[in-house]
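Residue numbers (the UniProt record's numbering), protein chains in the order written: chain A, 1 to 306; chain B, 1 to 306; chain C, 1 to 306; chain D, 1 to 306.
Possibly wrong hints are sitting among the right ones.
Simulated DEER-style distance windows between Cβ atoms [stated by the list, open to error]:
| id | chain 1 | residue 1 | chain 2 | residue 2 | range |
| --- | --- | --- | --- | --- | --- |
| 1 | A | MET1 | B | ASP238 | 49 to 55 Å |
| 2 | B | THR191 | D | ALA306 | 31 to 37 Å |
| 3 | D | PRO266 | C | ARG279 | 47 to 53 Å |
| 4 | D | ARG115 | C | LEU140 | 48 to 54 Å |
| 5 | D | ALA306 | C | GLY173 | 29 to 35 Å |
| 6 | C | GLY173 | D | GLY23 | 41 to 47 Å |
| 7 | D | GLU25 | C | ARG279 | 27 to 33 Å |
| 8 | D | ASN74 | C | ARG279 | 36 to 42 Å |
| 9 | A | GLU28 | B | ARG114 | 20 to 26 Å |
| 10 | B | THR285 | D | GLY192 | 29 to 35 Å |
It is worth saying that the hints were derived from the structure and are not from the lab. Don't be surprised by glycine CBs; every beta carbon is placed ideally from N, CA and C.
4 protein chains.
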Amino acid sequence: MTRYSFLGPSGTFTEAALLQVPGAEEAERVPASSVLSALAMVEDGSVDGAMVPIENSVEGGVTATLDAVSVAHNLHIVGESLVPITFVVASKEPMPLSGIRSLATHSHAWAQVRRWTEVTVPHAEYIPASSTAAGAQGLLAETPVADAAVCSPLVAEQLGLHVIASGIEDVSGAVTRFVLVTKPGPSPELTGADKTTVMIPLPEDRPGALMEILEHFSTRGVNICRIESRPTGHGMGDYFFSMDLEGHIQESRVADALTGIHRISPKIRFLGSYPRADRKPQQVTRDVSDAAFSAARAWISSLRHA
Amino acid sequence: MTRYSFLGPSGTFTEAALLQVPGAEEAERVPASSVLSALAMVEDGSVDGAMVPIENSVEGGVTATLDAVSVAHNLHIVGESLVPITFVVASKEPMPLSGIRSLATHSHAWAQVRRWTEVTVPHAEYIPASSTAAGAQGLLAETPVADAAVCSPLVAEQLGLHVIASGIEDVSGAVTRFVLVTKPGPSPELTGADKTTVMIPLPEDRPGALMEILEHFSTRGVNICRIESRPTGHGMGDYFFSMDLEGHIQESRVADALTGIHRISPKIRFLGSYPRADRKPQQVTRDVSDAAFSAARAWISSLRHA
Amino acid sequence: MTRYSFLGPSGTFTEAALLQVPGAEEAERVPASSVLSALAMVEDGSVDGAMVPIENSVEGGVTATLDAVSVAHNLHIVGESLVPITFVVASKEPMPLSGIRSLATHSHAWAQVRRWTEVTVPHAEYIPASSTAAGAQGLLAETPVADAAVCSPLVAEQLGLHVIASGIEDVSGAVTRFVLVTKPGPSPELTGADKTTVMIPLPEDRPGALMEILEHFSTRGVNICRIESRPTGHGMGDYFFSMDLEGHIQESRVADALTGIHRISPKIRFLGSYPRADRKPQQVTRDVSDAAFSAARAWISSLRHA
Amino acid sequence: MTRYSFLGPSGTFTEAALLQVPGAEEAERVPASSVLSALAMVEDGSVDGAMVPIENSVEGGVTATLDAVSVAHNLHIVGESLVPITFVVASKEPMPLSGIRSLATHSHAWAQVRRWTEVTVPHAEYIPASSTAAGAQGLLAETPVADAAVCSPLVAEQLGLHVIASGIEDVSGAVTRFVLVTKPGPSPELTGADKTTVMIPLPEDRPGALMEILEHFSTRGVNICRIESRPTGHGMGDYFFSMDLEGHIQESRVADALTGIHRISPKIRFLGSYPRADRKPQQVTRDVSDAAFSAARAWISSLRHA
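Just need the whole structure built from these sequences, with the hints factored in.
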């Protein structure tokens, strides 16, 4: 039976992300107390994969995820999920909003519903929880931690809680990105709507070093959809770039660009090519098509072996 | 009397950062429950400035900080602080490590001492706290939340706790960056070792858009010391770049580069020029010196008014 | 009375170019024996301007023109002319093609009608002349230099020669470019369809030096319509670039690009902005319009004087 | 017996260039009346190679050479020669400079000795000749064309003329470049001090098209030592770039750059890799060494076949 770890406890947005993976509903889903421990279960073989937040999360762990996946030599990204971030107020028994004296949730979630709470439940006390799901579970304890919890619709449903209010987030429409991480192996097959994640140490700390890297992408028409500079941990000066690219390692333009960058930053790490969560198909112009690369290589080869 | 807000409670690494600001020791220091509320105090005029984490934090809030400062139209960065991230184990009364059955701390801090705890106090239960300082304070409650806390040296000292172990972080040498935010106003004066923070909306989502931006920096010899792409919140497609540059808006090369970028991304926002925390003086080559800009402008002017 | 020198003698394609200049028909036109002497007449004040070939000429002098104008510090380009290159066979008295035993012309012109002559007058001897016009004039000498001449329609008409064949050039449709050179002074006014000629010494002989120059143009949307690297004469290693740009020094994008290049190559020389011979109006995108430059400067100024 | 054509007649600087080719002294050397006819002899197989001027020539033909070699599909550059350009005044019988009433030479040579002649023989009439060598030969005709000739030291020696003055060029130190052209075949072997000549049609007439081409060179550390934009002949708008690059097609950095350019300008033409005349060895940094390319390809291959 397939086993997946995820940033727990049960009912987090991360579990919602995991449930988007085909087969995950039937798989064993193992909650982990931190991103690092979810990833550690992959490394030690106790699970087949881990779902972890990579961007914009309400449950934290983003920076840790990036750094952990980037630095680990035995992890590989094989998929991504997008989850809409929406919050409900849930309680054990039905109750009016006006009756809420305390609300449990994770501090990041609390920050995202502040305007709503200040208007609607201005006198409710904030009870910090280590995750939105933990706050919800705390309602079922012998001594409940709070009157109600701010949590995901998923956990409210899983725990059989009453939803008193929903869609209470201050900014609607937000989605969070999660990635599915496994041990290294072949990348998922090319779908024509793919992403590639790489980690590129800065070759040298001088004007133009980043631009040299980007020229390798732009001369092959490879679009960058995420970039972050991250300190390497050896002081604040040295850093690496974490990037998501449009395209798949099996496409010539991606492979050729990475080949070029390997020359100037040989410690570049390939973290995986995988289907985009939004399935948006890639537009590839003629000059960076596989056919154009193939024709160019044939031409050069004919010259060199004349 | 000067008043500063900071991501509280008292004794966080953020307060340690604030204490580096000249005069902060004597100023009124107001703890805030979140980065957003610390910033809100600046906006509503109840404090003169706010110290908030911007990178690599153990207490979270980084993403929120970046987004909040970038999006707000009435905030300005006037300084940065670097704080070494080191943890102690503290308790109310002296006790041996072997006696610890439970440890309170923030989940990010917990993640950073996991190797030490697994080896040294493998059976200690983890008690989540909303910050490292809150965990430490919980030791003094009538019903203490835990036997000990993982916290900063500062809070242990402030609360008069016993330090049982120190330097327990798994990775030593880490520093976290914090920024001091005020209402808009004149930037701090040029010191020759300055940084400038800007927010640049992506002109268009196509190969080369980022490179066009970077060319404006590289043709003026302006080094980029931090870059992050951040979703604008209008769907996952559109994003902006948050960047720290070496140099000050009063230097021609910085001003000229930003002038160029304004043409392709007119919604660019200038978030402040301020002294670098590390005081590392800027190397400026002749061709991007103020003198070179001045000579070039004089030349063109003579041609246009011939 | 206005006086112009031109690469003579009378009837050359260069005189045809000069006749395109408004007022040149009534002006005094002084033939010069070489490009250098035509330019020397401008420098010593004996003429108001000189018309000289700059590209693709059948009468030579192109390289000399470029180098002379680029190096001289007291010459300025104020206009360009395009002349279709077409040849006729002309003789003093009417005669059949089959009767031609010898043909006088300049060697470059001879090269351009070789296919026609080999087919039509295969036995005609080639008599070199110092210009196409000189060959034509030689037909009128007491001892004619040849039976017929290959020359421009203009000189045949000026000398009252009989045109035996016309349009005999092997490649039809060719045009040659000429420039009108004066002493330095204000550039002709902006027309919206202008060119600018500059001379840029190579900053340093290394990969990327030329690209740095071109980045200054591309980041301002300035198109390059001609580029030539020319040795400076100090050995084969050092060289300068002679370039024609689309646009006028009075346009911000051109002025801003040249300002940028002045920093990396302070010996850059501006040789003039002048209307394009083809009157093709310039397409300028919003981000490089004068309005965009103006808005950007106003924004930076507001920041620096906050 | 090897046969070479050259831009004649005997004694031109072009023949001097040819005599630098090992074995040329013993080979049959066939003077041609124009660059095009010298090249035509290669194409029709009547000679093994042709030496023609490519830069800065006193005998013209440069533009014609570039265009002819670039456009022809059956020509290949296999070597270059550098010849110092120095002129002598030669006469059939010994005579004083003051006795010279007329001087024969090519118009380009005349332009290069104008200062000397104006000072030394101000009253001498200029007699145009179709080449410097032709002017010298004209002194031996039954009716000599002039009293003396301005020509190369070579032709004076070959014809047994008296050298009255030498080193009379106004600018000393000039050298002219010539290329040896053959039918297509394998390039000369890599020497470590090589050049490659290519012809690249402009992909599209817009800002940045040239820069895209140059980025392919700069990202592979390939230096450009000559560049010229040349009209294609289809109107003045479309053009191609003629370029000399440092390096050999058998070096990865050159081959990889040309592969990249082939994608954006598939009609690119390779005109040959050949030893530099100055034998200056190539400096190649680690990141563009063959080893770096090889390591990068191995890395990508391992990823794609994981």
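Verification of the supplied hints:
no.: 1; hint: MET1/A <-> ASP238/B: 49 to 55 Å; verdict: violated (41 Å)
no.: 2; hint: THR191/B <-> ALA306/D: 31 to 37 Å; verdict: violated (50 Å)
no.: 3; hint: PRO266/D <-> ARG279/C: 47 to 53 Å; verdict: violated (33 Å)
no.: 4; hint: ARG115/D <-> LEU140/C: 48 to 54 Å; verdict: violated (33 Å)
no.: 5; hint: ALA306/D <-> GLY173/C: 29 to 35 Å; verdict: violated (56 Å)
no.: 6; hint: GLY173/C <-> GLY23/D: 41 to 47 Å; verdict: holds (42 Å)
no.: 7; hint: GLU25/D <-> ARG279/C: 27 to 33 Å; verdict: violated (56 Å)
no.: 8; hint: ASN74/D <-> ARG279/C: 36 to 42 Å; verdict: holds (40 Å)
no.: 9; hint: GLU28/A <-> ARG114/B: 20 to 26 Å; verdict: holds (24 Å)
no.: 10; hint: THR285/B <-> GLY192/D: 29 to 35 Å; verdict: holds (32 Å)
The structure is inconsistent with the numbered hints 1, 2, 3, 4, 5, 7, although it conforms to all the rest.
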